[in-house]
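Asker: Turn these sequences into a full structure, and let the hints guide you.
Number of protein chains: 2
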Amino acid sequence: MPDIKVLPEPAGLPSPLPEPDVADLSLPVVLGALSDPLRLGIVRKLLLDREEFDHPCGWFGIDRPKSSLTHHFKALREAGVLRQRQYGLERRSEVRIADLDERFPGLLRLVASWSPDTP
Amino acid sequence: MPDIKVLPEPAGLPSPLPEPDVADLSLPVVLGALSDPLRLGIVRKLLLDREEFDHPCGWFGIDRPKSSLTHHFKALREAGVLRQRQYGLERRSEVRIADLDERFPGLLRLVASWSPDTP
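These protein sequence lines are chains A and B, in that order. Heads up, the first sequence is in my numbering, so the first residue is 55 and it goes up one at a time. Heads up, the second sequence is in my numbering, so the first residue is 55 and it goes up one at a time.
Think of the hints as simulated: they come from the structure by calculation, not from any bench. For clarity, every value in this text was computed on a predicted model and none was experimentally measured. Each hint should be verified, as a subset may be incorrect.
For chains that are exact copies, the list does not tell them apart, and a pair is met inside one copy or across any two.
[What the hints assert, rightly or not] Under the rule of at most 25 Å between Cα atoms (straight-line distance), these lysine to aspartate or glutamate pairs were calculated in the DMTMM-like manner: (1) K120 x E156; (2) K99 x D75; (3) K120 x D155; (4) K99 x E73; (5) K120 x D78; (6) K120 x D57; (7) K120 x E105; (8) K120 x D75; (9) K99 x E156; (10) K120 x D153; (11) K59 x D153; (12) K59 x D75; (13) K128 x E105.
Answerer: This is the structure in structure tokens:
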């Protein structure tokens, strides 16, 4: 079972971009956001390979146009899966681990266990 | 935590309608099939309220045209979430509990714990 990396939140971070409150997270909406292999891969990589508190989209090494990536990250944020912060020109993402574990226990374990090479 | 009802398979059932093999089940595809509140409700009701081995779509008490229901049940079968069998004119469904637990442990627990009244 792969390990999900939890890092403490550093002080003085920028405010998160708009996102749903934890009480408003919707299971069908969250599952819809995760129903794409690229988006599932983004969340999985953040859970398993995280090196810093949050990461810009360039860190993921995904060979897609930036506008397409921006769209996928925004979809994950608006569903409540990712939290995004703006650092000057750079937008970084982390998974809302505590919120998702509270509302949908076991969901992130499923994502972390997924292998992108399966069907 | 609500209980998932597992019933033994009776002898002499009709063959299942076409469905993906357990090894071909895809997490993004399964999550996509579950990303709709109506479909999530169908699977949840089968998990929690099951009275027989499988149930026809009339049992669910969903106020939608039959053609719409047929579409949703088919989407769940083609994603590998439901197994369907034809009994004469009637098509009945059960959840592929063992297959889903094998490939995606924790997923059905999430579905069973979902409340249709949340956002």
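Asker: It remains to establish, for every hint, whether it holds in the given structure.
Answerer: We went through each hint and held it up to the structure:
1. With identical chains, the CA atoms of K120 and E156 are never at most 25 Å apart, being 32 Å at best within one copy and 37 Å at best between copies.
2. In the homo-oligomer, the alpha carbons of K99 and D75 lie at most 25 Å apart inside one protomer (24 Å), although the nearest pairing across protomers, at 27 Å, exceeds that limit.
3. Taking the closest pair of Cα atoms, K120 and D155 never come within 25 Å of each other, the shortest separation being 30 Å inside a single copy and 37 Å across copies.
4. For the identical chains of this complex, K99 and E73 are intra-copy neighbours only, at 21 Å inside a copy versus 30 Å across copies, given an alpha-carbon limit of 25 Å.
5. Taking the shortest alpha-carbon separations for K120 and D78, neither the intra-copy value of 29 Å nor the inter-copy value of 31 Å comes in at or below 25 Å.
6. Taking identical chains as interchangeable, the C-alpha atoms of K120 and D57 are never at most 25 Å apart, the minima being 29 Å within one chain and 45 Å between chains.
7. Taking the shortest Cα distances, K120 and E105 sit within 25 Å of each other inside one copy (22 Å), while across copies they are farther apart (51 Å).
8. For the identical chains of this complex, K120 and D75 are neighbours neither inside a copy (27 Å) nor across copies (36 Å), given an alpha-carbon limit of 25 Å.
9. For the identical chains of this complex, K99 and E156 are neighbours both inside a copy (21 Å) and across copies (23 Å), given an alpha-carbon limit of 25 Å.
10. With identical chains, the CA atoms of K120 and D153 are never at most 25 Å apart, being 28 Å at best within one copy and 38 Å at best between copies.
11. Within a single copy, K59 and D153 get their C-alpha atoms as close as 15 Å, which meets the 25 Å cut-off; across copies the closest is 29 Å, which misses it.
12. In this homomeric assembly, K59 and D75 come within 25 Å of each other (Cα to Cα) only inside a single copy, at 23 Å, whereas the closest approach across copies is 33 Å.
13. For the homomeric pair K128 and E105, the shortest alpha-carbon distance inside one copy (21 Å) is at most 25 Å, but the shortest distance between copies (42 Å) is not.
Of the numbered hints stated above, those contradicted by the structure are hints 1, 3, 5, 6, 8 and 10, listed in ascending order.
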